[in-house]
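Trainee: Go ahead and model the full structure; you've got the sequences and the hints to work with.
Going down the list, the sequences are from chains F and P.
Using my numbering, the letters of the first sequence correspond one by one to residues 1 to 459.
Using my numbering, the letters of the second sequence correspond one by one to residues 1001 to 1167.
Since the hints were made in silico from the structure, they are not lab data.
Careful: at least some of the hints might be erroneous.
Claimed, not checked - Stretch-level coverage of chain F by chain P, calculated; a stretch enters the list once three of its residues show a Cβ under 8 Å from a Cβ in chain P: (1) 18-27; (2) 121-133.
Unchecked claim - Covered by chain F, per the in silico footprint, the following chain P stretches (three or more residues, Cβ under 8 Å): (3) 1014-1020; (4) 1032-1045; (5) 1112-1125; (6) 1132-1140; (7) 1150-1157.
Built from N, CA and C at the ideal position, the CB exists for glycine as well.
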Amino acid sequence: MNTETTLRDALAAGARTVDVTGDPWAGFARRERTHRRRRRARLAGVAAVLALAGGVQAGVLPLPAWTPGIPVAGLPGPLTDAPTRGNLAGDKAFLAGMRQAVTDVVDPGEVWRVIDRGAITFPYAADVAGRRLVLASVPLRYGFLDDRALVWYEGEPGAAPAGMRESGRSDGGEPVVTYHQGSAEEPGVLVVVAPPDSTVAVSTGFRYTAAGRVEHSAPTSYPNGLVERATQPAPMDPGTTVTVRRDGEVIYDGGAGYGWSNSSGAMPTEPTEATLTAALAGRSFDREILRRWVTQAFGDARLAAAGVGVKVRWTGTVDGQPAALFTLHPAGGAVLAYALHGTADAYRQDLRLLLPGAGAETRPIAWRLRAEGKDDPTSRVYVVAPPGTSRLTLSASGPPVELTPDATGAAVTTLDPDTAASVTAYGGDGSVLGSTPVTQLENDMGGIPGDDLNTRVVP
Amino acid sequence: MAPHDDFRAFVEQHWAPLVRTAYLLTGDRGYAEDLVQSALEKTHRRWSRVSRMDAPVAYVRRAMVNTATSWRRRRRVSEVPLLLVDGPAGDPYAPVDQRQQVLAALRTLPPRMRAVLVLRYFADLSESETAAALGCSVGSVKSQASRGLTRLREQIEPALHTALQRS
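Mentor: What follows is the structure, given as structure tokens:
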């Protein structure tokens, strides 16, 4: 028995000692009521106003900052106590003004009050690349619940605190925060605020290689956990990735986010009518739905539609709703496959998969489905065979399972959500046309497709 | 369906695995329930947004793991779990002792390293799912898992060796 097996065994046994029988919802609701009662009882002796505790939790009545709160996620992180960086770090008057200008955070149905303005910290404040930016770490309270948020404020260069407006926020525990704004016509800016003792590497731009991988541009390294960089006008998200290392460990590796605007109203990700007509190649499918879905796919792939071929591989239905599998063929030779189902306005992206260019046309493509309207994985798998397929199989742990495509060209089969598998298409002479792994469901579709093993087929 | 009936269904489905995961993260049953309760309360307040995510449970898990590591920093003692289940034939206590050794060794690891091992080897999350839960890179998950297993091995093997000598 190796260490991994021993650990699995011990963890499973340890977990089984926890009694979780009973009605979870009743338990959750009961604990919530008890929780609130206990807090109310504790506070009742010091604040008569708590007789209206319902109003407190609803955010109607403010609690004094010294009352104990219940911390939720978003507790102080490494940026909370970091020194202020940026060229406004020494502008005490401005920062004092910002401390008063920070506003309550309004979420749908709830207002998180700033509980102690003296506890607001500013990890970053600067006039940079044609704008004034401030990152504030703000202690918040909603009723009895405490939280902390990292909030970006932006304004014109030299703006007074009253002229700063909120432009984004994240949990206060995040160790790395980015601000990335660009435009088709104007220079943009990228700011990365990370712990001062970290190193940041920024790569802007990438390409899909014919071999079916994502090749990022060479990164630029920045010391002291801070990046302030003006960016060139760009027609769309250039695909910027940020990697932050601290004490030899990667503490952040992902996108920089991107806010993009243009003044012409043009959408570089929207395909032309000619592209859609060519993509359908005579198939019958709702063009508006296809336009929306292909536009979504181009945006997801960070590709402009111009010059990129689109081909619809399959159309049919999933759970009674229109569904399609189509591929994008960007310059360079790679192929991106997308499967979606739904309508033009409400759809689910079921698959995004980067394929090597060679042989992409003859690969079968499979994707797993979540429960309709939920995130629960299901055992359902759709498999679309390439043209000329006479035999289609799915191979998991046991012998290959023979699949029979329906009239639309897709086979629907079942597979345990966690089981690795592949699908293989055979031609009439028994030769293999192509074989493709059945990738796992993605939990986060925010990154560039092909940037991890779950969205590409080559190692 | 009432506005939050789907949240109730969500709680009913995920409560048990979340509590078990939280217990392994914290080593304390009371804290485990508080942890899940806190994460679910936060989720409930933001359910209209969270429910539209591809994987709402990943949101809860991330909130839970982040809070767990913070709570651990503030705690001074932890509950030592007792394993009273499924002792196999032969020496019925040896495997239980071994599991206790493993869990005890696990609790000596830094919180995030421990979380990586729990999420990978108990919750059966993939490396990318674990990275998402911890807000770190896949590379970090790999290195933390590797170092965590090495440290467990270093602690378990001498203890087992001693136990065998005693028997």
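Trainee: Taking the hints in turn, state whether each one holds.
Mentor: To see whether the hints hold, each was checked on the structure:
no., hint, result
1, 18-27, "holds (count 6)"
2, 121-133, "violated (count 0)"
3, 1014-1020, "holds (count 4)"
4, 1032-1045, "holds (count 9)"
5, 1112-1125, "holds (count 5)"
6, 1132-1140, "holds (count 7)"
7, 1150-1157, "holds (count 3)"
Hint 2 from the list above is the single one not met by this structure.
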